[in-house]
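Colleague: What follows is the residue order along each chain.
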Amino acid sequence: MKKFFHLIKANIKKEYIEMKRYWPNTLSMVLTIYFIFLAMFLGIQFVGDPNQADTNIQYVIVNYIFWYLTLITLQGPGFTITLEATRGTLEQLYMSPMGVWKIFLSRQIGTVIIHFFIIVVLLFASMLMTNQWLNISPLATLPIFLFTIIGMIGVSFIIAGLAIIVKQIQAFLQIMQFILMALTFIPLSVAPFLAYAPFVKGIDMIRQIMIHNMTLADFTWLDYALLIASAAFYFAIGIFTYLRCEKIAMEKGLLGQY
Amino acid sequence: MGSMIEVKSVKKAYKKRKTKERITAVNHVSFTVNRGEILGLLGPNGAGKTTTIKMICGLLVPDEGTVVINGYDIKKERLKALRHISAVLEGNRNLYWRLTVRENLEYFAGNRGFGRKDIHSKIEELLSLFRLKKKEHELVNNLSRGMQQKLAIAVAMMADTDIILLDEPTLGLDVETGYEVRELLRYITDKEGKTIIISTHDMPVVQDLCKRTVIINEGKVVTDEQVDNLIKLFETRAYSIKLRSPLSDNQLQLLQEKIPMHDYHDHMLEVTLEQDDDIYILMDILRDKHTKIEKMDRTTVDFEQVFMTLLKGEGYNEKVLSSH
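Sequence order for the protein chains is A and B. For the first sequence, this note's numbering assigns the number 5 to the initial residue and increments by one for each residue that follows. For the second sequence, this note's numbering assigns the number 867 to the initial residue and increments by one for each residue that follows.
None of these hints come from the bench; they were simulated from the model. Among these hints, one or two may not hold up.
To be verified - Heads up, simulated DSS-like pairs for lysine-lysine below, C-alpha to C-alpha not over 27 Å straight-line:
| no. | chain 1 | residue 1 | chain 2 | residue 2 |
| --- | --- | --- | --- | --- |
| 1 | B | K983 | A | K17 |
| 2 | B | K881 | A | K251 |
| 3 | A | K256 | B | K942 |
| 4 | B | K1086 | A | K251 |
| 5 | B | K988 | A | K17 |
| 6 | B | K881 | A | K171 |
| 7 | A | K171 | B | K882 |
| 8 | B | K999 | A | K24 |
| 9 | A | K24 | B | K1001 |
| 10 | B | K1001 | A | K17 |
| 11 | B | K983 | A | K106 |
| 12 | A | K251 | B | K946 |
| 13 | A | K17 | B | K1000 |
| 14 | B | K877 | A | K251 |
| 15 | B | K942 | A | K7 |
| 16 | B | K946 | A | K13 |
| 17 | B | K881 | A | K256 |
| 18 | A | K6 | B | K946 |
| 19 | B | K1098 | B | K1124 |
| 20 | B | K983 | A | K7 |
| 21 | B | K1158 | B | K1124 |
| 22 | B | K884 | A | K171 |
| 23 | B | K941 | A | K106 |
| 24 | B | K884 | A | K256 |
| 25 | A | K13 | B | K999 |
| 26 | A | K171 | A | K256 |
| 27 | A | K251 | B | K942 |
| 28 | A | K251 | B | K884 |
| 29 | B | K877 | A | K256 |
| 30 | B | K877 | B | K941 |
| 31 | A | K24 | B | K983 |
| 32 | B | K946 | A | K106 |
| 33 | A | K171 | A | K106 |
| 34 | B | K942 | A | K106 |
| 35 | A | K17 | B | K999 |
Quick caveat, the model's predicted, so the values are computed rather than measured.
Using the sequences provided together with the hints, build the complete structure.
Modeller: Shown next, in the form of C-alpha cells:
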C-alpha cells in the first residue's frame, strides 16, 4: 500500500510538473474552460424558454463538467500508451514491478484530482462573475462522484487495452467524444435503460443534487446499489480486458511497436 | 556461484505483417548468467539479441522455453522477477525529455514504489558517480547524447536491482564518452557486484568488460565461451620479421619446403607457423646465412577478428577439439 502511495505521488508530481513547465498550454486550457462557463452562464438565458432559463443553465453546466471530466478520464491511459510508445518510454514503464495498470491508475488519479480542482475553481470563479449560483454540496456530491469516476476509469482501461494492441486510436477517441456527449447529456428520465451504461447513473444522481436540490437521503437503496454495482462491474471488466490485451501484446511483441 | 539468469531453450517467432510468413527470431537459445557475472551478448543485426533481451525482461513471452530470474519464472511470476531486473533498452529514448535529470531519477524510482526520502541519498550518489550533479536541474532535452546515455544507465541503477540489462550502451557515443560509460560499467560490476548482460556491437566493450560472451547468429547460439579462452583459441602463431639483409635463394627454397605459409618482400618476412616448434626451424634457416633480425613481432588477435571468424563459422569446432 505504501508503495502504491509513492507511485500515485510520483505520477501526480509528474503531471503537475509538466502542466507547470508548459504553462502556455495549461493556461489556454484553463481560459477555454473559463470562457465556456461564462458563455453558458450568460448565453443560455437567450436560448429556449426564458421561464426555464435557470434550470437550462444548471443542466448544461453540470453536463459540460461531466463531459469534460469523462473525456479527460477515458482518454487518459489510451493517450498515454500511444504517446509513450512514440517516445520510447513505454517499455521502461513495463519494467516496473508494480505492474503497468497500477501506473496508469495512479496517473488517472493524478489527472482527475488536478482537473477536478481546476474545474471547481473555474466554476466558482464563473458563478462569482455572473452572480448565478449552483447548488454545490460537496458532502452530497463527492461520494457519488467517486463511484462515478471508478466506473469511468474502468472504461478507460478497456480503451487502453485497445491502444496497447493497435496503438493508433485517435480516430476512435474522436468518435468517442460524441458517444460520451450522448451518455452525459441525455437524462435517465428520457432513456432509463442508460442506467446500466457506465457512469450514467452517477452523473444523473449528481444532476439531481445540483439542479433539483436533492440530498443523499432522497435516493433509494436501489439507486446506490446500481451506482456501486456499475462502478465495480466496469472497473473489474476494464482491468480484466486491459490485462488480457497486455498479455496478447506481450505474446505478439507489440509493446514497443508504434 | 548460483545462476541469476537461466535462459532455457527459448524460441520466439513473429508473423510478418504483409506476407503473414512466420520468421523465427530466436531458435532454442539457452545460456545461464551467474551472480556478479558480466556477459556480452553479441551478434550481427537481426541475429535475435534484442528479442532475447526482451524475453529476459518479460516484455516478450517466449513461444517455447523458459526464462528464470533469480528463481522466478518470468512467464508465471513476472512482477516478482522484475524486482530483480532493470534495463536500458533504447538508450536515451528511455527517458522523459521534458523532465530534468533529477526529476527523471525521482519519477522512475517512484514508479518502482520508492518514496522520495528513501532515495534521496541514492540520487545524490548517482548524480556524483555519473558526473551529472551540475546538470541535475537541466531538461533531458538539453543534454548531450552521452549525458542522456549516462542518465539512462543511472535510472537503471536507481532501481537497485541485482541484474542490469544494457542494449547497446555505447551506441552513437563519441570515443571519450564511450570510454567514460565503459569505466562506469566497470565500476558497477567491480564495486556493486551487479549481474550484467550487455548486448552490443562494440567489440572493445566486450573485450574490456565481459568475462564471458554468448554469440547469437540467425537466432541460434554460435558460441558460449569465456572471452579470454576465445582469444587464446584464435591466437595464431604468426610473426612479422624485419631483416637487415636480404634472404638468399637457398633460404627462400628452405622456407618454401619447411614453412609454406610465408610471405617475403622488401626485407619483411611474414610467417605463420603450424606448430610452436617450427620457430626453431625458422631460426635455423635465418642463421644459415647469418641473417640478422632487426625486429620481430608476434601478430596479435583482437576480439573483433574472433567475432568475425565465428560468425563465418570458420574453425571454432576444430579449435575447441584441438585445444582439448
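Colleague: All the hints need checking, so say for each whether the structure fits it.
Modeller: Going through the hints against the structure:
1. B/K983 to A/K17: holds (15 Å)
2. B/K881 to A/K251: Answer holds: B/K881 to A/K251 is near 17 Å, not above 27 Å.
3. A/K256 to B/K942: Roughly 17 Å separates the two Cα atoms, so the pair holds.
4. B/K1086 to A/K251: Answer holds: B/K1086 to A/K251 is near 26 Å, not above 27 Å.
5. B/K988 to A/K17: With a Cα-Cα distance of about 20 Å, the restraint between B/K988 and A/K17 holds, given a limit of 27 Å.
6. B/K881 to A/K171: OK: B/K881 and A/K171 at ~18 Å, within 27 Å.
7. A/K171 to B/K882: Judged against 27 Å, a Cα distance of about 18 Å means the pair holds.
8. B/K999 to A/K24: Cα-Cα ~23 Å, so holds.
9. A/K24 to B/K1001: holds (20 Å)
10. B/K1001 to A/K17: OK: B/K1001 and A/K17 at ~20 Å, within 27 Å.
11. B/K983 to A/K106: holds (21 Å)
12. A/K251 to B/K946: holds (17 Å)
13. A/K17 to B/K1000: holds (23 Å)
14. B/K877 to A/K251: holds (17 Å)
15. B/K942 to A/K7: Answer holds: B/K942 to A/K7 is near 22 Å, not above 27 Å.
16. B/K946 to A/K13: holds (22 Å)
17. B/K881 to A/K256: holds (8 Å)
18. A/K6 to B/K946: Holds. A/K6 to B/K946 sits at ~17 Å (cutoff 27 Å).
19. B/K1098 to B/K1124: holds (25 Å)
20. B/K983 to A/K7: Cα-Cα ~13 Å, so holds.
21. B/K1158 to B/K1124: With a Cα-Cα distance of about 20 Å, the restraint between B/K1158 and B/K1124 holds, given a limit of 27 Å.
22. B/K884 to A/K171: It holds: about 18 Å lies between the C-alpha atoms, which stays within 27 Å.
23. B/K941 to A/K106: holds (19 Å)
24. B/K884 to A/K256: holds (15 Å)
25. A/K13 to B/K999: holds (24 Å)
26. A/K171 to A/K256: holds (14 Å)
27. A/K251 to B/K942: holds (12 Å)
28. A/K251 to B/K884: holds (23 Å)
29. B/K877 to A/K256: With a Cα-Cα distance of about 13 Å, the restraint between B/K877 and A/K256 holds, given a limit of 27 Å.
30. B/K877 to B/K941: Within the cut-off at roughly 13 Å; holds.
31. A/K24 to B/K983: Holds - the C-alpha atoms of B/K983 and A/K24 are around 23 Å apart, at most 27 Å.
32. B/K946 to A/K106: Distance ~15 Å between B/K946 and A/K106 Cα, so the pair holds.
33. A/K171 to A/K106: Within the cut-off at roughly 20 Å; holds.
34. B/K942 to A/K106: holds (19 Å)
35. A/K17 to B/K999: Answer holds: A/K17 to B/K999 is near 21 Å, not above 27 Å.
Against the hints set out earlier in the document, no violation occurs for any number.
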